[in-house]
Amino acid sequence: MTEVMETSQKIWAKFLEKQAEDGLPRNPDPLNTFPAWMALGKAMADNPKQVADATLDFWAAQTALWQAATLKWLGARDAEMPELPHRAPAGKRFQHKDWSENALFDYLKESYLLTSGWINHTVHTVGEMDPRERKKAEFYTRNFVEAMNPANFFALNPEVLEATAEQRGANLVRGLKMMLADLERGKGQLLIRQTDMDAFEVGRDMAVSEGAVIFENDILQLIQYAPATEQVHAKPLLFIPPWINKYYVLDLNQKKSMVRWLVGQGHTVFMISWVNPDERQRDETWDSYLTKGAIAAIDAALKETGQKSLNIASYCIGGTLAGTLMAYFGKTKDKRVASATFFTAQLDFSDAGELQVFVDDETIRAVDAEMEKGYLPAQKMAAAFNMLRSNDLIWSYVVNNYLLGKDPFPFDLLYWNADSTSMPAKVHHFYLDHFYDDNDFAEGRLSVLDTPVTLADIRGPVYHVATKEDHIAPADSVYRGARRMTGADVRFVLSGSGHIAGVVNPPAAQKYQFWTNDDLSSDELSRWMAEAEEHPGSWWTDWDAWLAARSGRKVPARQPGAVHGVIEPAPGRYVKVRFDQR
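Residue numbers for the sequence shown follow my numbering, so the first one is 23 and each next one is one higher.
Since the hints were derived computationally from the structure, they do not count as laboratory data. Among the hints, a few may not be true.
As the list claims (entries may be wrong) - Under the rule of at most 20 Å between Cα atoms (straight-line distance), these lysine to aspartate or glutamate pairs were calculated in the EDC-like manner:
hint: 1; residue 1: K325; residue 2: E238
hint: 2; residue 1: K395; residue 2: D602
hint: 3; residue 1: K278; residue 2: D434
hint: 4; residue 1: K209; residue 2: E301
hint: 5; residue 1: K598; residue 2: D434
hint: 6; residue 1: K576; residue 2: D566
Given only the sequences and the hints, what does the whole structure look like? Please build it.
If you want it as structure tokens, here you go:
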């Protein structure tokens, strides 16, 4: 008990130290949730009968649940829980046997699932609301409901109570020490570990494809990968990955590496490795990420290979940058890009998924205040992404780490997820303001490099991939962007699974499926899907066939740095900079 008290005091002291450094919040509602709650309250007040009917249904279900639970407590083993309207699915949080076998914990679980499902359903259906305000209300309601899960509380979680009794509280001591370590790592902000951050090393366990850095400036390093075949396609392939995460999700390990697979198909692959920004990048802009970023990398790759044009592949926000680049090249009749591939890249942000709840004029002002040093700290962006899946990425680790006192399991994808990057202030502001908030690119109001550009300005062959279960770049949104590329020859492909697993899906895994349909005349993805052809496995083979047809003849393989020289071996030093070790 003494150790528990001492560790708790240290945690409290670290928290207070952080609050003293930050001072009082300038804005008590930095996420601008108040208008959404006001709109929800008005919708409920304007529809009293709907609310009353829903409330009566809820209490009727709770009464039936209580009756069934009472029978179980009295020993009626055949007593079954009633059918509950809008009951939320149990998910993975209630796997311990006592959640089903112990009458008390079974009741707690079922009552929570009924209540949480009813709350979420009511917020989703009540009255009339502005769609963006309803989406925000739904998002924060869901996060509140997930925080109230009885599994998150010491006294209500049978697994935690069992472990505490068996270990005489040693699990809680370990958990408090982990919490203190996470606070220290986050310099007063709680950075919950999702995996063992000491179990992996970039360049040793991940990002291990052989190659070299052949060009660099203050915002990127350019990696050229070593060939695996004697002959390669003449036109190289340049990846423009997101800077919101690190590129090595595309080179995670030998079995999952898209880079390794493409090199094996005879492609000369180049990869941009973005800098993890700090105050030195405070003056970078969207335009400079085009000129010093994508265009500089294109020119270096073309010079290295002696080609006049290349193919590009882009992912997530890297695809948004690539979209503006392709529109600018189309407008200026620049022929340096022979084809463009987009992975889960949003270009039309009219309904841009759950991240849109963090974007409006007020929240952009709050983000600007966070970026006074010239960048948005990595942990701020990581917190937003974790809130999208708080049950899986926050609360399960609170229980595992702090209540059960267990180390998180080593997992390479979660290491990558936790290896967050900062955002350069002006670039991030431009992205939030012109894309997420105002949708200027899709609606014809965007200018880059002093040139007005639209999606219709994009020319040439385009391969566009969306993923069916994507919560970051919803498939509907990606499809709308693809349809607006009226000046391009677009092949749209829908992959199974989500934002990461649907993209990083090597053929050898024989997982998921994908759909193709060359007719993009349908204005709704569901109609496109109805006429699409389903294929088992990975879309990579379909893409490679498409890409090979646009990559020219075969030429002798090229060694990295034959023209530019080698600066350092891949993966380079930029990708190894961790925000929590600065």
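Structure-based check of each hint:
Note on K325 and E238: the hinted pairing holds, with a Cα-Cα distance of about 14 Å set against a maximum of 20 Å. Between K395 and D602, the direct Cα distance comes to roughly 17 Å. Compliance with the 20 Å bound is thereby established for this hinted pair. For the hint pairing K278 with D434, the CA-to-CA distance comes to about 11 Å; that is within 20 Å, so the pair holds. In summary, the hint linking K209 to E301 is supported, as the alpha carbons are separated by about 18 Å, within the 20 Å threshold.
For a cut-off of 20 Å, the pair hint linking K598 to D434 stands: about 15 Å separates their Cα positions. Taking the CA atoms of K576 and D566, the gap is near 15 Å; set against the 20 Å cutoff, the hint holds.
Comparing the model with each numbered hint stated earlier shows that all of them hold.
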